[in-house]
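Chemist: The listed protein sequences correspond, in order, to chains A and B.
With the working numbering, letter number 163 in the first sequence gets 201, and the count goes up by one each step, no holes.
With the working numbering, letter number 41 in the second sequence gets 79, and the count goes up by one each step, no holes.
If you're looking for bench data, these hints aren't it; they were derived computationally from the structure.
Just to be clear, a hint being listed does not mean it is correct.
As the list claims (entries may be wrong) - What follows is a set of in silico ranges between Cβ atoms, one per label pair, in the way DEER data are often shown: (1) B/R182 <-> A/A149: 14 to 24 Å; (2) A/G99 <-> B/A152: 29 to 39 Å; (3) B/H101 <-> A/P203: 24 to 34 Å; (4) A/P134 <-> B/G80: 38 to 48 Å; (5) A/V78 <-> B/R119: 42 to 52 Å.
As the list claims (entries may be wrong) - To spell it out: a stretch of chain A is covered by chain B in this simulated footprint if at least three of its residues, at any positions, have a beta carbon under 8 Å from a beta carbon of chain B; those stretches are: (6) 56 to 62; (7) 98 to 112; (8) 115 to 125; (9) 180 to 192.
Unchecked claim - Computed footprint of chain A on chain B; a stretch qualifies when at least three of its residues, placed anywhere within it, have a C-beta under 8 Å from a C-beta of chain A: (10) 56 to 65; (11) 105 to 112; (12) 116 to 125; (13) 167 to 177.
In this text, a Cβ means the ideal position worked out from N, Cα and C, and glycines have one as well.
Number of protein chains: 2
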Amino acid sequence: MISDSAAQPTGFGPRSSPPLLVSFLAGDAGQWRIEKIASVKGQGLSLAPRLKVIEGPDTLGAHSLWNLRGVTSNTRYTYRRETDAMQARQEGLNRPQSTRAALIPIRKTEAWWALAQDERRSLLEEESHHISIGLDYLPAVARRLLHSRELGEQFDFLTWFEYAPENSDAFETLVRRLRETKEWDFVDREIDIRLMRA
Amino acid sequence: MISDSAAQPTGFGPRSSPPLLVSFLAGDAGQWRIEKIASVKGQGLSLAPRLKVIEGPDTLGAHSLWNLRGVTSNTRYTYRRETDAMQARQEGLNRPQSTRAALIPIRKTEAWWALAQDERRSLLEEESHHISIGLDYLPAVARRLLHSRELGEQFDFLTWFEYAPENSDAFETLVRRLRETKEWDFVDREIDIRLMRA
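Using the sequences plus the hints, can you model the full thing?
Modeler: Take a look at the structure:
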């Protein structure tokens, strides 16, 4: 049978983004020095000296101590007024002063995923104020949300944050406030990985 | 560096579903005979004699004329009252009388994906009645929605329908009603593949 190249799946080939595939490989090389890996809940991840962040090509099967993959996607809960507020205040990744970063992989419970869309939205924002808490730390803390659940990965999300050293305390407050919410009752695995630009 | 097997990404290994990876491979073999492939909008797909449906293992790179992959996932728009109404009425795939099937891959415009969650929900249901139209054809038409966008595939969704021959007219009405909606203004590629159990 002749292969129909025009109709072949593209995998993560050229396509206007999102989705952009982003991989985090722990090992001996990478732009980020790993300062700490703490298990907040559930099974941890092994410590390595460096973290390599790769955008674009699929790294499944690449040589590394561990490899976490996720894709950017459309918003799932954010309403227009919230999107507008975020876009008015947020700044991008890779700011020169953002020499600190955190990678926080998160998995939610099956109970969370079995909820209907209105129930998840209500828990996330009306009860837990997840979006508005995040707004309080813009533009100091720049962030990127990656979805991993659809890739069959071990986490549901990979959350990535970048900030300047003088905003370290603000970042700790952001993380603490989120962990105190009702939404976090539905988190069953969470790892906190802290990084410094190498 | 020693590989940390416990922390390796699972790909689509054992995990409580969803996500379940489902692949549709066109070629000379498979449970379904392909009756027709029509391009409703945008680039088509080549005709083949058979369609093989594979649940579970990843088929990326498998030998086939074309190969479309998607994953089951949580609901993205459905509210609790709608979920309950669906669950009360729907029946599963693989009913013996369901000898007809349709695979309709769909891609939506970048404008759709740039909308906020409340705007997409409003277009999908309050303006287009997508969920309630689907309810009108339960349990006659059984269905499965697969998400492909996050896998870097050429379509955003793979929609799969199964029904008995006597419900063929009802299915045509369902498809026509959906294509007349405001939501469908945001569809920029759609293929209609009709199948008969081999």
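Chemist: Against this structure, judge whether each hint is valid.
Modeler: Going down the list of hints, with the structure as the test:
Against the hinted window of 14 to 24 Å, the Cβ-Cβ separation of B/R182 and A/A149 comes to about 22 Å, which satisfies the hint. At roughly 33 Å, the beta carbons of A/G99 and B/A152 sit within the given window of 29 to 39 Å. The hinted range of 24 to 34 Å is not satisfied by B/H101 and A/P203, whose Cβ atoms lie roughly 53 Å apart. Range check, A/P134 to B/G80: about 43 Å between beta-carbon atoms, so the 38 to 48 Å window is met.
A C-beta distance of roughly 35 Å is found between A/V78 and B/R119, which places it outside the suggested range of 42 to 52 Å. Residues of the stretch 56 to 62 of chain A lying with their CB closer than 8 Å to a CB of chain B number 3, which satisfies the three-residue condition for coverage. Coverage of the stretch 98 to 112 of chain A by chain B holds [criterion: at least 3 residues with CB-CB distance below 8 Å; count 11]. Remark: the stretch 115 to 125 of chain A is confirmed as covered by chain B, as 6 of its residues place a Cβ nearer than 8 Å to a Cβ of that chain, reaching the required three.
Closer than 8 Å: that is the beta-carbon criterion, and the stretch 180 to 192 of chain A has 7 residues meeting it against chain B, so the requirement of 3 holds. Taking a C-beta to C-beta cut-off of 8 Å, the stretch 56 to 65 of chain B contributes 4 residues in contact with chain A, enough for the three needed, and the coverage statement holds. Residue count for the stretch 105 to 112 of chain B with a Cβ under 8 Å from a Cβ of chain A: 6. That meets the three needed, and the coverage hint holds. Under a criterion of three residues with beta carbons nearer than 8 Å to beta carbons of chain A, the stated coverage of the stretch 116 to 125 of chain B is upheld, 5 such residues being counted.
Taking a C-beta to C-beta cut-off of 8 Å, the stretch 167 to 177 of chain B contributes 0 residues in contact with chain A, too few for the three needed, and the coverage statement is violated.
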